[in-house]
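Enquirer: Just need the whole structure built from these sequences, with the hints factored in.
Residue numbers (numbering that gives the first Met the number 0), protein chains in the order written: chain A, 0 to 514; chain B, 0 to 352.
Mixed in with the good hints, there may be bad ones.
Pairwise CB distance ranges (calculated) [said to hold, decoys possible]:
1) A:R321 - B:L143: 24 to 32 Å
2) B:Q48 - A:L394: 39 to 47 Å
3) B:D328 - A:G341: 46 to 54 Å
4) A:P422 - B:P114: 55 to 63 Å
5) A:D338 - B:A11: 30 to 38 Å
6) A:P422 - B:L143: 35 to 43 Å
7) B:G280 - A:G341: 50 to 58 Å
8) A:G265 - B:P114: 56 to 64 Å
Since the hints were made in silico from the structure, they are not lab data. Heads up, the beta-carbon is just placed ideally off N, CA and C, and yes, glycines get one too.
As a plain string of letters, each chain reads:
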Amino acid sequence: MTERVLRLDRITKRFGPLLANDAISLDLHAGEVLALLGENGAGKSTLVSILFGHYSADAGSIEAFGQPLPPGNPRAALAAGIGMVHQHFTLADNLSVLDNVVMGTESLWQPFTRRAAARARLLDVARRFGLPVRPEARVGELTVGERQRVEILKALYRGARILILDEPTAVLTPQESESLFATLGQMVASGLSIIFISHKLAEVLRVSHRVAVLRAGKLVAEARAADSTREQLAGWMVGHAVQERTRRPAGRIGAPLCTLANVGTGGDGRDRLDDVSLTLHAGEIVAIAGVSGNGQVALADVLCGTRSIASGSLQLRDEALRANPVWLVRRGVARIPEDRSGVGVVGDLTVWENAVSERLRSAAFSRGAWVRRAAARRHAEHVLQTFDVRGGGPLAPARALSGGNMQKLILGRALLAVEGDAPTTLIVAHQPTWGLDVGAVAFVHERLVAARDAGAAVLVISDDLDEVLALGDRVAVMHAGRLTEAIEATRWTRAAIGLAMTGVPESDALRREAA
Amino acid sequence: MRLEKRSARSSAALVLAPTGAVAFTLIVSALLVLWAGAPVLRTYGLLFQGGFGSVFALSETLTRATPLVLTGLAATVAFKARLFNIGAEGQLYAGAIAAVAVGGLHGGSGFDAPPWLLFPLMLAAAALAGALLLLGPALLKLRLGVDEVVTTLLLNFIVLLGVGALLDGPMKDPGALGWPQSVALQGDLELGKLIAQTRVHTGLVWAIGLAALLWALMKYTVLGFDIRALGANARAAAFAGVPVTRTMVAVALLSGALAGLAGAIEVAGRTGYVTLDMSPGYGYGGIVIAMLAGLHPLGVLAAGVFVAGVQVGADSMSRALAVPTYIADVIVAASLLAVLVATLLTQYRVRMR
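Expert: What follows is the structure, encoded as structure tokens:
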């Protein structure tokens, strides 16, 4: 075995009643990729936050290159050669690559910045690790994959010898991920060590030498990647043997319920729609794949009534769809927003108020100016019970709910119609399972499929290709505000979707795949 | 040092925080009293005596609390929706001028209408003047994203200068020997006294009634829900179908109207006419009171009486001891800071490292 570079010894961290890390011990060796695998909430992020000094552990110690690492001090972690690449980039869009990399490395009291020297060093680091970069390019103009490369260079420029990558593929296309994996190979070949955090089994097996599996704060297994199988890892991760879920195909497709014809939103930047056409029929799930930031937000906003269109037409049954949430809810449009705590609920208001917030203006919950509090409370109780929302009663503030329970609350609010409102005709679900645990994911998926089988049209917008393929009867791909034709999920392959995500038209993507 | 969110509100902190806030305020103020060379306990004793210690003291405190409660309510409803109305001072003067315009003795006798008609008209005019004054900044914020803190604050000076021009021009009282002072309100329109031989007037009843109404509005009506949702999370409120523009306009009208009423009630209950020094900063005081009350309409009543009592008590205390009345400002400011920090500590814990 090669030299040990990092040693975590019985790291324990508690947040109130939650034991986030329970006596976790791990070693990392030079030239090794260690995958940290686990469901959302298993304690991966907490563990690396402790390692990088964002939190201090309640118990346990860390040793880097033989030296003890002082707890709770990111500066010390950096000095010890630990670098972190966050899932959400910490780059200034309006500055150049060089500025972003150098930022924070020079003393404030130094009279001039040594740009020439910094530039030479950056290019040297870039060449050594095979990360080509243009130092003068503005970060705002780079693609997501290139930005991630800048983040990695930032860490390497600061002398990192241990690199932590937090869910690095979450924002990448399959092709960009492949290129990242090649880079990682080159980096470990030159002696770096990498901790790779993920909950995707395939890529963990693909890139890592060793896998450490966390579940509910505990280290449940450690294995060589070469000796492991997907089923084995999945079993460790969720705690029991799982079988790959089988898709339940749609029954009879009904009449068209919602039609977008040549819809454009105007505006510039990445969050826009450009000539998008799509028809949603009763009894089918249409899933939209794509790298986030390619217009999905605009599509969801338009269908949720929070953004108006600039061109084209938008029909719900036989009416023009209005950009008005109350109008949509009355007509049975169930809306699941992407940002559940920032848009889905008002965290400071109570659970019961959030459970009726969309329908407060209906006769069921208000009489003139007055809220019918008793009726509203009864309906809220009904939502909590039917959708099994736990972790806070109707009087608790909504922010007290966990992500999964918050999502159940939002689902229940959207799907349980009251007298006077149409039953669910259309569901618009944007990233409906993002950050949820397995149980909650299954619950949400079941509800969406059940609504489809009951005759609703369902639109699922997701970054997660697995989710798209698991749910979609038809699949379309978004790129730069444009949407491919929605075609049967069975006719797509992963690689073809990946190509379409980068802007290759779907017919070409499918043909190239067939060739 | 940094703050960590508490997983649950700590019950120990809930008890300790207000106690600590009071202790902090008393200690900070005591240091200044010592610096001024006065005995601390006697100073506090006289201050309390002067603010709450007799019927007369209490009546003075309640008189001063009346406009403070109304401007406090104005700030409460606006801040609850995150419309930062710093212009209650100007709205108060606008209301006062509107009240005199409707109910004043201009032309020697004023409008020839019966008091039962003129009195509500006077209040309505004052409310309308205050409301319209805040409508502009609210629309600018909604349509163009102009910061309402800047517009409402600067409007105060414009209104004050405008009132000054009126008091030296069309609304000047010819019998005031050249003082910039408006014509007087008709005697029939003045508010009755609650206690004989004191200045406390029925405006206090109006203030209490409006506080109760605002509380009910916030708690039991759709508009109240809209205001709270909009202030807590505007994006989520819009997603749930809260009419953002309409709610913000309603809040601006309500807040401005309450501040305008403060001006009318001050004229009808205490001064009888408008001068440029009729408000010692009631509009700004209302902000402090709203924050002290945690933006709770009924809490505003308590906070208003507390602030008024400290100010009245300090006036009376400074006549006996060599401690300037500014100690009142220190006590109010220190208590506000302490309460804000204490509220923070019930939700967060401080970690040293």
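Enquirer: All hints are to be evaluated individually against the structure, with a verdict given for each.
Expert: Hints, one by one, checked against the model:
no.: 1; hint: A:R321 - B:L143: 24 to 32 Å; result: holds, 25 Å
no.: 2; hint: B:Q48 - A:L394: 39 to 47 Å; result: holds, 43 Å
no.: 3; hint: B:D328 - A:G341: 46 to 54 Å; result: violated, 39 Å
no.: 4; hint: A:P422 - B:P114: 55 to 63 Å; result: holds, 59 Å
no.: 5; hint: A:D338 - B:A11: 30 to 38 Å; result: holds, 34 Å
no.: 6; hint: A:P422 - B:L143: 35 to 43 Å; result: holds, 42 Å
no.: 7; hint: B:G280 - A:G341: 50 to 58 Å; result: violated, 38 Å
no.: 8; hint: A:G265 - B:P114: 56 to 64 Å; result: holds, 59 Å
The earlier numbered hints that this structure contradicts are 3, 7.
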